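Can you build the whole structure from these sequences, using the hints too?
Protein sequence lines, in the order shown, are assigned to chains A and B.
Take the first sequence: its position 369, counting from 1, is numbered 369 in our numbering, and each next residue is one higher.
Take the second sequence: its position 315, counting from 1, is numbered 315 in our numbering, and each next residue is one higher.
Hints were generated in silico from the structure; no laboratory data involved.
In this text, all values refer to a predicted model and were calculated from it rather than measured experimentally.
Incorrect hints may have been included.
Said to hold, decoys possible - Sample of chain B residues facing chain A (criterion: CB under 7 Å; computed from the structure): (1) Gly13; (2) Met27; (3) Ala101; (4) Gln219; (5) Ala221; (6) Pro223; (7) Tyr325.
As the list claims (entries may be wrong) - Computed footprint of chain B on chain A; a stretch qualifies when at least three of its residues, placed anywhere within it, have a C-beta under 8 Å from a C-beta of chain B: (8) 18-25; (9) 66-72; (10) 97-104; (11) 246-252.
A virtual CB, placed ideally from N, CA and C, is assigned to each residue, including glycine.
These are the residues of each chain, in order.
Number of protein chains: 2
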Amino acid sequence: MNVLNVKPRLLLGPGPSPVPFTVRRAMSEPVIGHMDPQFFAIVDEVQSMLRTVFGTANRLTLPVSGTGSAGMETAIVNFVEPGDTVIVVVAGVFGGRIAEAVDKIGAHAVRLEVPWGQSASLEQLKSLLREHPETRLVAVVMAETSTGVLQPLTGWAHEVHRMGALLLVDTVTSLGGMPVDVDTQEFDIVFSGTQKCLSAPPGLSPFTVSERALERLDQRATPVPSWYFDIAAFRHYWGQNRVYHHTAPISMIYGLHEALRLALEEGLNERYARHRIVAGALWAGLQAMGFELLVDPAIRLPSVTTVRIPLEVDERRVRAELLDYDGIEIAGGLGNLSGKIWRIGVMGHGARLPNMIQLLVALRQRLVNQGRDVPSGVAAAEAAYRANNRQGAK
Amino acid sequence: MNVLNVKPRLLLGPGPSPVPFTVRRAMSEPVIGHMDPQFFAIVDEVQSMLRTVFGTANRLTLPVSGTGSAGMETAIVNFVEPGDTVIVVVAGVFGGRIAEAVDKIGAHAVRLEVPWGQSASLEQLKSLLREHPETRLVAVVMAETSTGVLQPLTGWAHEVHRMGALLLVDTVTSLGGMPVDVDTQEFDIVFSGTQKCLSAPPGLSPFTVSERALERLDQRATPVPSWYFDIAAFRHYWGQNRVYHHTAPISMIYGLHEALRLALEEGLNERYARHRIVAGALWAGLQAMGFELLVDPAIRLPSVTTVRIPLEVDERRVRAELLDYDGIEIAGGLGNLSGKIWRIGVMGHGARLPNMIQLLVALRQRLVNQGRDVPSGVAAAEAAYRANNRQGAK
Numbered sequence: 001m002n003v004l005n006v007k008p009r010l011l012l013g014p015g016p017s018p019v020p021f022t023v024r025r026a027m028s029e030p031v032i033g034h035m036d037p038q039f040f041a042i043v044d045e046v047q048s049m050l051r052t053v054f055g056t057a058n059r060l061t062l063p064v065s066g067t068g069s070a071g072m073e074t075a076i077v078n079f080v081e082p083g084d085t086v087i088v089v090v091a092g093v094f095g096g097r098i099a100e101a102v103d104k105i106g107a108h109a110v111r112l113e114v115p116w117g118q119s120a121s122l123e124q125l126k127s128l129l130r131e132h133p134e135t136r137l138v139a140v141v142m143a144e145t146s147t148g149v150l151q152p153l154t155g156w157a158h159e160v161h162r163m164g165a166l167l168l169v170d171t172v173t174s175l176g177g178m179p180v181d182v183d184t185q186e187f188d189i190v191f192s193g194t195q196k197c198l199s200a201p202p203g204l205s206p207f208t209v210s211e212r213a214l215e216r217l218d219q220r221a222t223p224v225p226s227w228y229f230d231i232a233a234f235r236h237y238w239g240q241n242r243v244y245h246h247t248a249p250i251s252m253i254y255g256l257h258e259a260l261r262l263a264l265e266e267g268l269n270e271r272y273a274r275h276r277i278v279a280g281a282l283w284a285g286l287q288a289m290g291f292e293l294l295v296d297p298a299i300r301l302p303s304v305t306t307v308r309i310p311l312e313v314d315e316r317r318v319r320a321e322l323l324d325y326d327g328i329e330i331a332g333g334l335g336n337l338s339g340k341i342w343r344i345g346v347m348g349h350g351a352r353l354p355n356m357i358q359l360l361v362a363l364r365q366r367l368v369n370q371g372r373d374v375p376s377g378v379a380a381a382e383a384a385y386r387a388n389n390r391q392g393a394k
Numbered sequence: 001m002n003v004l005n006v007k008p009r010l011l012l013g014p015g016p017s018p019v020p021f022t023v024r025r026a027m028s029e030p031v032i033g034h035m036d037p038q039f040f041a042i043v044d045e046v047q048s049m050l051r052t053v054f055g056t057a058n059r060l061t062l063p064v065s066g067t068g069s070a071g072m073e074t075a076i077v078n079f080v081e082p083g084d085t086v087i088v089v090v091a092g093v094f095g096g097r098i099a100e101a102v103d104k105i106g107a108h109a110v111r112l113e114v115p116w117g118q119s120a121s122l123e124q125l126k127s128l129l130r131e132h133p134e135t136r137l138v139a140v141v142m143a144e145t146s147t148g149v150l151q152p153l154t155g156w157a158h159e160v161h162r163m164g165a166l167l168l169v170d171t172v173t174s175l176g177g178m179p180v181d182v183d184t185q186e187f188d189i190v191f192s193g194t195q196k197c198l199s200a201p202p203g204l205s206p207f208t209v210s211e212r213a214l215e216r217l218d219q220r221a222t223p224v225p226s227w228y229f230d231i232a233a234f235r236h237y238w239g240q241n242r243v244y245h246h247t248a249p250i251s252m253i254y255g256l257h258e259a260l261r262l263a264l265e266e267g268l269n270e271r272y273a274r275h276r277i278v279a280g281a282l283w284a285g286l287q288a289m290g291f292e293l294l295v296d297p298a299i300r301l302p303s304v305t306t307v308r309i310p311l312e313v314d315e316r317r318v319r320a321e322l323l324d325y326d327g328i329e330i331a332g333g334l335g336n337l338s339g340k341i342w343r344i345g346v347m348g349h350g351a352r353l354p355n356m357i358q359l360l361v362a363l364r365q366r367l368v369n370q371g372r373d374v375p376s377g378v379a380a381a382e383a384a385y386r387a388n389n390r391q392g393a394k
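Listed below in structure tokens is the structure:
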């Protein structure tokens, strides 16, 4: 067996995003013990930086020891009990996944189905809450990675709390790339991933829980049907007592530490602006090339752009050539949208104009290879960047 | 916030064990996508090397995306259903943990309780199986990290299979440090960790499942109460189809790749001999210093040595000084054995004579600091190493 020798890629898919060198270097720091005071000092800093990025003072703020879906599972197994009614907004793959997880533990997922590429309205939520006053939890994806839609959530917490329910929000593809504002928006349970706008490797799920939700946890009638994800058991490791539950993924936490440090060093507002402006440049470039974007600008995510694939384009061949010849990764559609869209990430460290220009040029070449000439998108992308850049980014 | 600057430790606790430089360097390789053919080639190699280390041809052999306890949870949620009877050998913390996980999902754990520091007998198993012919699964820890006991398992699979049950084995603290021989021993479901005798960082759980167990999985009457750990859902990512389930922890898999490569490069038998011989040297040294070992030599683990703490020793101070002044980590006891024993790891990359000598010398000094002079253990450790080394290790 040979030593690993990984050929680098420009990661412009919907995650993982490009991981900066210093984050990867942090992962190669010496491994120390999970009960070492030196490690607890690092954990303290990670928890504190996570609170800043989430926009929360929640005591229970930590990285769950698994990928983003592990955060989802932690939310479901702790805050949903068998027989509970849970309203789940299903506007793409990741909303559907939450509904599946709810059903799997014997609760009842009421699906608020939304056509893929659109968002749910506050009115739809209100109406469903009236229909199901027994609802214990409302689950919604803030940034739907499969469609590129940003779900507006203004007023949601108020309606949910008025009915005595909790609000669970998936921020996997938003955290670090746009304001999440957990406390201002009164979200109760929030999970995320590290490999999107935070630009750390995949393997941890940033997670935060409001005091309101912790009270609900104390009142559970049934045991949490999981040992690994049982908050009541593992929270003491992440609290003042530092009681051993499972061995923390040390090196992953080093990487997250550096990724959070870089985000705060840049400044969160500057980082959010960078994501918006670079995404705007990508959109302008793609549209100048004649592509149609799936999502209406009012609810379009900066972090994932979804592009309709023109008929007669062999989309798999385009992606394979981009990867093999240009070293650029983008993704195809999932589920309903498979074969119909490409998904382009504008995430974290990768959200930079030169990366987008590189993609636009390479993508044009791939289409030429299939006998389809399209205009260049470069000038339009640069122009859009310059126009928006006056508003503040570097 | 400052950039991480981790002070190295000599990790001689029961995990994490010292992680070689090349494993840490592998973790800093460029992150690529979880659907990249280049990554699948790496995954193939990891799966193939895991099969070799496990001693199995099982198709379903993979690293679960979480720490060792995540492997335990994967085993329980997939192969146990509510109402099932499960015999669990409880001879320490980690057996107890399996029993808890069984109870948490609504099954019935029949505990085969063994005094800590001892092992269960085949007769005890037989008698309990006769008492509970409805048993669906028997779960046992091969290497109990909390006591330092190696549980003999000869003949167990035969008895378990005769009753139509499956055999689940926790190999967290054995895999890579001694033969596990999954196929020869006819284990059905086996999980492990990466941060023990494999000397990779914590964060993955090597896992393997027999065809017999997969048949059982197909016959489940109830859904698996977990989204993240549902084998039927995630196995296709680790199989020929490579269907997306959750984002694999890319960098952790790089680290595991290198750790497995190093183990196979050394040679598994050579590696096992090294663990035995170095552990023997440690035992001789500790005994020469007047320490009493908790476990009878016949069932003593090479990978974790448990030492009785003499009365009047301030054991927390000893450990704190070892860590602060000597940079050496060892661990105290868990549960019943808290304050009564130290646990010393002879694991993976750390299982080397000079490391043990360093510990013996430092430990003696820490006792002197508490006014307790003890003889040196160095000569005895070296002599034992030389005597056993004639049998084959480097």
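Numbers of the earlier hints that this structure fails to satisfy, in rising order
4, 5 and 7
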